[in-house]
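Engineer: If you want the building blocks of each chain, they are given just below.
There are 2 protein chains.
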Amino acid sequence: MTHEKWLQQTITMAVENVRNGGGPFAAIIVKNDKIIGKGTNLVHLHNDPSAHAELLAIREACSTLASVDLSDCVLYASGEPCPMCLGAAYWATVGNIYYACSKTDALLEADFTNPLTHFFNDQDEVPENRSVPFIQMKTQDNLAPFHEWNKIQNTN
Amino acid sequence: MTHEKWLQQTITMAVENVRNGGGPFAAIIVKNDKIIGKGTNLVHLHNDPSAHAELLAIREACSTLASVDLSDCVLYASGEPCPMCLGAAYWATVGNIYYACSKTDALLEADFTNPLTHFFNDQDEVPENRSVPFIQMKTQDNLAPFHEWNKIQNTN
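These protein sequences, in sequence, are chains A and B.
If you read the first sequence in the working numbering, its first letter stands for residue 124, the second for the next number, and so on.
If you read the second sequence in the working numbering, its first letter stands for residue 124, the second for the next number, and so on.
Next comes chain A alone, as it looks inside the complex:
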């Protein structure tokens, strides 16, 4: 019941966001029954491809807690998080993720095309042949940042 209440809130926020010129997505981060981070899709309003609801909610929650650890928190999202946002949730070790509408629901039931469909299919391609080609080119000292990192870790 609680989960539904929070998800319902993200739906209301997402509808409102569309009316304000944003995208049809919203998310909140809840800890101990309190919202500590909120976000709505502001990609086009802010010219920021990373301004997805979930990512903004995660950033706000981490700022609120002054920590990158959200393991005691739950992420609620109106729509199924994309791979970028899922990645951010992993980096923040979010406790759980609940979402109301899958990308398939959005496509089949509301004719909303996810422009990232090719991203998912792309994962099976050789990196160099992906729609965003992904190429490693080793440089002579490509390990230097890690060696510097290890040096500093070992002196702390």
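This list has only true hints and no planted wrong ones.
The list makes no distinction among identical chains, and a pair is therefore deemed to hold if it is satisfied within one copy or across any two copies.
Derived EDC-like pairs (lysine to aspartate or glutamate); straight-line CA-CA distance at most 20 Å:
#1 K161 to E139
#2 K261 to D228
#3 K128 to D264
#4 K226 to E251
Quick caveat, the hints were computed from the structure, so don't treat them as lab data.
Fit chain B to the supplied structure of chain A, relying on the hints for placement.
Structural biologist: Then chain B, alone, in the frame of chain A:
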């Protein structure tokens, strides 16, 4: 030769970033032989799990161009972009990605453990059983944001 020059610059930036208290990663976005966005890993300095070098460089480049389309641009990264940053690159339709050091190089040759290893393995798990469980819970009006979106698109 040009690719190597830019990658070399990310390595230098990454080493400098570690000396300044950041993580061992840097990235730049180049368009027409000019840098239009830069980033270094500031996750712990900013308490922001999304503050990866690549994501910050993409955000800055989009802000510079006032656009979310980076298809004429190349992303250069000192280390192999993680799934979150790869997602951001797809959303921005970055033209090409070049990186200098793979996550395997960093692990095997510099003993740098990527804390997201379980993320990659997790993709084969049932979503509910992942280390960050990923659960759909449909609400009554979970399609409302998309209906609102379609309504506004159709009146424009």
